[in-house]
Amino acid sequence: SFRQPDILEIARHAGKVTVEGLARHFGVTVQTIRRDLSDMAQAGQLQRVHGGAILPSGVANIQYEERRQLNEDAKRRIAVACARDIPDDVSLFLNIGTTTEAVARALLHHHSLLVVTNNLNVATILSANPKAEVVLTGGTLRRADGGLTGTTAVSGLSQYKVDIAVLGCSAIDPEGELTDFDPEEVIVTQAALTRARHAIVVADQSKFLRNAPRRVCGLADASAVYSEKPFSDALAARCREWGTDVIVAS
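Going by my numbering, the final residue of the sequence shown carries number 259, and the count climbs one at a time with no gaps.
Since the hints were derived computationally from the structure, they do not count as laboratory data. Here a beta-carbon is modelled for each residue, glycine too, at the ideal position from N, C-alpha and C. One thing to keep in mind: the hints can contain errors.
What the hints assert, rightly or not - Simulated restraints, written as ranges between beta carbons of each label pair:
no., residue 1, residue 2, range
1, ARG12, ARG224, 41 to 51 Å
2, SER259, GLU29, 48 to 58 Å
3, HIS120, GLY53, 49 to 59 Å
4, ASP82, VAL58, 26 to 36 Å
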């Protein structure tokens, strides 16, 4: 079916997809998704497991360039909505990720910004804004995506207190927990939460279909989350309990 390339794309990011998550994502029945997964398993693209399917190679992050193009329009809409709510004359932290890079592009006309980042791509994008001061945390360079990670990045970040941390992630589970792959990246994002007055999460809907093994934080730790589609009723209710605003960038 036309869904199968998208299913494979999602699985290649996380290593796993769930029947219920895919049914919600595509707006089809679980039976339809089960048929898709069975066809893909027969073709050797996926391996069926209870409740979904995994990549034959296990957990694997897709290449950065492909990830940047994945859901590009949704990321752009999320970024524009997020940047619209960020005033001039503030200090920000932006972490590693293609969605935070989209936010950086949407901040090119903001004034009097101080941006601390562990993302070389964010620094390069915002270097085009003469009204933004850009600070790199330092850290060990991850060549695959321009991320700076590890204890050196944490140490660089510890010298700052910022108004807003804008955080992307690899995945968000049904309980609203943000998860990621690299423990050296996780410690930087967790440090950013302690150095920011407010945290904002930016995540397109594909993040809710993925699985990554390491917990970063919860949506409860954020004052707002931006996505391109409404959340499930259960997660929306939880966000209301936590006082986390859900902003749909339609």
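Now the hints, each set against the structure:
1. ARG12 to ARG224: 41 to 51 Å: violated (30 Å)
2. SER259 to GLU29: 48 to 58 Å: Given a distance of about 24 Å, which is not inside 48 to 58 Å, the answer is violated.
3. HIS120 to GLY53: 49 to 59 Å: Once the Cβ atoms are compared, 54 Å apart, the range 49 to 59 Å for GLY53 and HIS120 holds.
4. ASP82 to VAL58: 26 to 36 Å: holds (31 Å)
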